[in-house]
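*Asks:* Could you slot chain B onto chain A? The hints should help.
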Amino acid sequence: MSEGAIRNQMTDQTNEVRDIIFGTLQAALPQARPLSGDTRIIEDLGLDSVAVMDFVMEIEDKLDISVPLDKIAEVETLGDLVATVQRLKQAA
Amino acid sequence: MPLLDKYAALAAQYRQLEEAGANPFNVKFDEVLSPTEAMVGGRKTLLLGTNNYLGLTYDPAVVAAANAATTASGSGTTGSRIANGSYGGHARLEAALAAFYGRRLGMVFSTGYQANLGIISALAGKGDHLLLDADSHASIYDGSRLGYAQVTRFRHNSPDDLATRLRRLKDEPGEKIVIVEGIYSMLGDTAPLKEFAAVKREFGACLVVDEAHSLGVLGETGRGLAEQAGVEADCDFIVGTFSKSLAGVGGFAVTDMEGAEILRVVSRPYMFTASLPPANIAATEAALQQLRARPDLRRRLNENALRLYRGLEKLGFELGPEPSPVVSAIMPTPEAAFGLWAALLKAGLYTNVSLPPATPRGLALLRSSVSAAHSPAQIDHAIALFAETGKGLGLTNAAPALAAAK
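Taken in sequence, the protein lines are chains A and B. Just so you know, this note's numbering puts the end of the first sequence at 94, numbered straight through with nothing missing. Just so you know, this note's numbering puts the end of the second sequence at 472, numbered straight through with nothing missing.
Worth flagging that the hints you see were computed from the coordinates, not collected in a lab. Wrong hints could be hidden among the right ones.
What the hints assert, rightly or not - In the DSS-like style, the derived pairs of lysine-lysine whose C-alpha atoms are separated by at most 27 Å in a straight line are:
{"#": "1", "chain 1": "A", "residue 1": "Lys73", "chain 2": "B", "residue 2": "Lys192"}
{"#": "2", "chain 1": "B", "residue 1": "Lys110", "chain 2": "B", "residue 2": "Lys94"}
{"#": "3", "chain 1": "B", "residue 1": "Lys412", "chain 2": "B", "residue 2": "Lys457"}
{"#": "4", "chain 1": "B", "residue 1": "Lys72", "chain 2": "B", "residue 2": "Lys110"}
{"#": "5", "chain 1": "A", "residue 1": "Lys91", "chain 2": "B", "residue 2": "Lys236"}
{"#": "6", "chain 1": "B", "residue 1": "Lys72", "chain 2": "B", "residue 2": "Lys260"}
{"#": "7", "chain 1": "B", "residue 1": "Lys236", "chain 2": "A", "residue 2": "Lys73"}
{"#": "8", "chain 1": "B", "residue 1": "Lys457", "chain 2": "B", "residue 2": "Lys110"}
{"#": "9", "chain 1": "B", "residue 1": "Lys72", "chain 2": "A", "residue 2": "Lys73"}
{"#": "10", "chain 1": "B", "residue 1": "Lys380", "chain 2": "B", "residue 2": "Lys457"}
{"#": "11", "chain 1": "B", "residue 1": "Lys236", "chain 2": "B", "residue 2": "Lys192"}
{"#": "12", "chain 1": "B", "residue 1": "Lys412", "chain 2": "B", "residue 2": "Lys94"}
{"#": "13", "chain 1": "B", "residue 1": "Lys412", "chain 2": "B", "residue 2": "Lys380"}
{"#": "14", "chain 1": "A", "residue 1": "Lys91", "chain 2": "B", "residue 2": "Lys192"}
{"#": "15", "chain 1": "A", "residue 1": "Lys91", "chain 2": "A", "residue 2": "Lys64"}
{"#": "16", "chain 1": "B", "residue 1": "Lys110", "chain 2": "A", "residue 2": "Lys64"}
Unchecked claim - Examples of chain B residues toward chain A, derived with CB under 7 Å:
{"#": "17", "residue": "Thr123"}
{"#": "18", "residue": "Gln216"}
{"#": "19", "residue": "Val217"}
{"#": "20", "residue": "Arg233"}
{"#": "21", "residue": "Lys236"}
{"#": "22", "residue": "Pro422"}
{"#": "23", "residue": "Pro423"}
Claimed, not checked - Beyond 12 Å from chain A on every Cβ pair, some chain B residues (computed):
{"#": "24", "residue": "Phe95"}
{"#": "25", "residue": "Arg170"}
{"#": "26", "residue": "Thr218"}
{"#": "27", "residue": "Gln356"}
Each residue gets a CB set at the ideal place from its N, CA and C atoms; glycine is no exception.
Okay, chain A solo, but in the shape it has when bound (with noise of 0.2 Å):
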C-alpha cells in the first residue's frame, strides 16, 4: 500500500471511530446537543464521572477494546477520546 492509502485507511479510522463516539455519546445524552472535538465532556455536558465511564463502556462493546480508567481520567474534550480510543483501537 502506498503511503497516501495508508493515510486514507487511517483517517478512515479516525472518522469512524469518531461518528460512533459521536453517535454513541448523542443517543446518551437527555437532548440534542452540537457536538465538536473542542466539546468538554464533563464541563460542557454536565455529565458525572460515572455517566462518563458508561458512556464509555458503549463504545467499548461496539469497538471490542477495553479503555482502562486512567486513560479515561485523562481525557478532557470529544477530541482527545476520539485520539485514545483511536490508538487502543490501533493497538489491539
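*Replies:* The following block gives chain B in isolation, referenced to the frame of chain A:
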C-alpha cells in the same frame, strides 16, 4: 481564595437543603435509644437506614465485652500495628475471623474502607490488571487508584462482559484480579457469584469478594454470598466490614493464599494508620460470636427484609431487583427523593437518600435498610408511613384497588 470554587454548584445545592431544614447528608440524632429508635429533632424516630443488620449495637454481651476491654486495656492503642505493636485482642479477632471462614489468615483493618484500599492496592501491582464491577463501592474504586495496576470496569453483574474483557487481556502479561461484591449497597442486589467463579477459573484470575453487606446476612452460617453460592474455594480473598452486621467499626480480609502474611508490611492502608482500640476489637469479637451462635437473627432479618420489600412493592414503588436487607425505592428525580425523605422523617421514619454518582445509572434512591431488631409491627408501621407520605407526594399507586391488583 478560589480553592473551593470548583464545588460552587454542589455547594449551592447543599445550602438549599440546609435552608429547607431537611438535609439527608447532615442528620443529627439527639439521642440513640436502641438499634431501631432514636430522637431526631425532639421526636422519637423509627430507624430504617442504619445498616445495623443484626441489631447487635446494644447486645448485652457485645456492650459488656467493650466495657471490660476498655477497663483492662485502655481507651486506645495510640499507634499502628507495625510500628507500635498489636494487642492480644487484634490477634484473637484475626484468629476468630480466620476460623469462622475456615481460612489460614485473617487480617484486621481500621475501617471497611481501608480493608478494600489495603487489599486491592497491595494485590494489584504495576503491570497487573484489575477488573471491577461497574457498580463497585467507592472504596473499591479508590483502592484501584491507590495501586499501580491497569484498571477496567465490566458491566454490573455480567460474567459474560467480564469474560470478554479477560479475553482481550489474555496475551497481556501480569496477574488479573477481579473484584465483586456480595450484596450491592445501593440497590441490594447480589452478584451471580457462581458464574463469576466459573469465569475466574477459566482465565486463571484472582477473585476478591467484598461481603460488607452480606456477612451475617447470607449463607448457611452467615459467611455471605460465597457460602450461599457454594463457591468459597474460588474466592481467593474475602473482604468485609465490622460496621454493619458486627455493629462496630473496622474491616477485615481472610485468605488461604500462600505467603499472604507479607501483606502486613506492604499494604499501606494497614500499615500507616492507628489500630482499632481494645473496646472495638472486643465488641467485634463478641458480635461475631453472637452472629455464629444465633442463626435466628439472620432468619428474622431476612423475614423483615422480605416484609418491607413486599410492602413497598405493593404500594407501587419501583424497587431494586431482589429482596434483601437493603430496600431501595427508585425515585423519578433527586427532588422527589428529597421530598419523600423529608416527609418520612417528619412523620417519624429515618431513611437514606442516595444520589448519582454514588448510585448506578444516574438513579435517585430512597434507600432503607432493615434490622433483625425490628419487630414486624415496626416494619408495618414503616410501610404505612411510606403509603401515607408517598400518596401525598403522588409517588404511590393512589388507588388501593390498583395496589391490591398488583
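*Asks:* Take the hints in turn and mark each one as holding or not.
*Replies:* Hint-by-hint comparison with the structure:
no., hint, in the structure
1, A:Lys73 to B:Lys192, "holds, 15 Å"
2, B:Lys110 to B:Lys94, "holds, 13 Å"
3, B:Lys412 to B:Lys457, "holds, 15 Å"
4, B:Lys72 to B:Lys110, "violated, 39 Å"
5, A:Lys91 to B:Lys236, "holds, 16 Å"
6, B:Lys72 to B:Lys260, "violated, 44 Å"
7, B:Lys236 to A:Lys73, "holds, 20 Å"
8, B:Lys457 to B:Lys110, "holds, 23 Å"
9, B:Lys72 to A:Lys73, "holds, 22 Å"
10, B:Lys380 to B:Lys457, "holds, 13 Å"
11, B:Lys236 to B:Lys192, "holds, 17 Å"
12, B:Lys412 to B:Lys94, "holds, 14 Å"
13, B:Lys412 to B:Lys380, "holds, 23 Å"
14, A:Lys91 to B:Lys192, "holds, 23 Å"
15, A:Lys91 to A:Lys64, "holds, 11 Å"
16, B:Lys110 to A:Lys64, "violated, 54 Å"
17, Thr123, "violated, 32 Å"
18, Gln216, "holds, 5 Å"
19, Val217, "holds, 4 Å"
20, Arg233, "violated, 10 Å"
21, Lys236, "violated, 12 Å"
22, Pro422, "holds, 6 Å"
23, Pro423, "holds, 4 Å"
24, Phe95, "holds, 30 Å"
25, Arg170, "holds, 32 Å"
26, Thr218, "violated, 5 Å"
27, Gln356, "holds, 37 Å"
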